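Chains as they are written, first to last, in my numbering: chain A, 1 to 112; chain B, 1 to 114.
Among the clues, some could well be false.
Using 27 Å as the maximum straight-line C-alpha spacing, the simulated DSSO-like pairs for lysine-lysine come out as follows [what the hints assert, rightly or not]:
#	chain 1	residue 1	chain 2	residue 2
1	A	Lys104	B	Lys11
2	A	Lys104	A	Lys68
3	A	Lys104	B	Lys62
4	A	Lys104	A	Lys49
5	B	Lys71	A	Lys104
Computed beta-carbon distance windows for the label pairs [said to hold, decoys possible]:
#	chain 1	residue 1	chain 2	residue 2	range
6	B	Lys16	A	Thr98	17 to 23 Å
7	B	Asn51	A	Gly53	25 to 31 Å
8	A	Gln42	B	Pro18	34 to 40 Å
9	A	Thr5	B	Ser58	21 to 27 Å
10	B	Pro18	A	Lys69	33 to 39 Å
11	A	Ser80	B	Gln80	47 to 53 Å
12	B	Glu14	A	Leu18	25 to 31 Å
13	B	Lys15	A	Pro40	22 to 28 Å
If you're looking for bench data, these hints aren't it; they were derived computationally from the structure. These numbers were taken from a predicted model, which means no experiment stands behind them. All C-beta atoms, glycine included, are put in the ideal place defined by N, C-alpha and C.
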Amino acid sequence: AQSVTQLGSHVSVSEGALVLLRCNYSSSVPPYLFWYVQYPNQGLQLLLKYTTGATLVKGINGFEAEFKKSETSFHLTKPSAHMSDAAEYFCAVGIGNTPLVFGKGTRLSVIA
Amino acid sequence: EAGVVQSPRYKIIEKKQPVAFWCNPISGHNTLYWYRQNLGQGPELLIRYENEEAVDDSQLPKDRFSAERLKGVDSTLKIQPAELGDSAVYLCASSPTVIGYGYTFGSGTRLTVV
């Protein structure tokens, strides 16, 4: 069965600084990988996804992630943090048609 | 297009009482999911429907939880009787039957059992 580990339950960055949220997965077959963002009292919103092809994927709000098979990682980055990026971020993995498995989440705080 | 609609947004009930949540998925999405999100955790699957058929309900506590998706459109999740440990956010999501498409989530129902 697939699984996801998000390193760091809370990450704090200064406004304008690089954002790096880490995600490692475990899967016996090539996975599909997703990043979702959750703002307070809201559902999850898809940021970006990797299915096949280019390993560097770009998403909404300036975020991107790179699939590294050798490292079983799918880290999320953004060059310059904005106050509005403060939220909870979830990495998820899927294989075939099985339901997505989510990580425990990383709370991003942005300091002015 | 309208997103995934859930109601109610918030519900407070006493333990041992019944409660029901409703979800209307995006039109044309054949697959519907109910996830439970405990405080500070990621969503965990309760049940998945393909049209009106429950195809993955191994994580649903069947002694007190039930779900239905009549006519393969909207769905209801019920808890009877509720326990204190059921306090969580219940999220509904839908997707087309396309591998790797990703899910669209509703805003969730925050349940508090007192």
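Right, here's what the structure says about each hint:
no.	hint	result
1	Lys104/A <-> Lys11/B	holds (24 Å)
2	Lys104/A <-> Lys68/A	holds (21 Å)
3	Lys104/A <-> Lys62/B	holds (24 Å)
4	Lys104/A <-> Lys49/A	holds (18 Å)
5	Lys71/B <-> Lys104/A	violated (34 Å)
6	Lys16/B <-> Thr98/A: 17 to 23 Å	violated (35 Å)
7	Asn51/B <-> Gly53/A: 25 to 31 Å	holds (30 Å)
8	Gln42/A <-> Pro18/B: 34 to 40 Å	violated (26 Å)
9	Thr5/A <-> Ser58/B: 21 to 27 Å	holds (22 Å)
10	Pro18/B <-> Lys69/A: 33 to 39 Å	violated (48 Å)
11	Ser80/A <-> Gln80/B: 47 to 53 Å	holds (50 Å)
12	Glu14/B <-> Leu18/A: 25 to 31 Å	violated (48 Å)
13	Lys15/B <-> Pro40/A: 22 to 28 Å	holds (26 Å)
Consistency note: the structure conflicts with the earlier hints numbered 5, 6, 8, 10 and 12.
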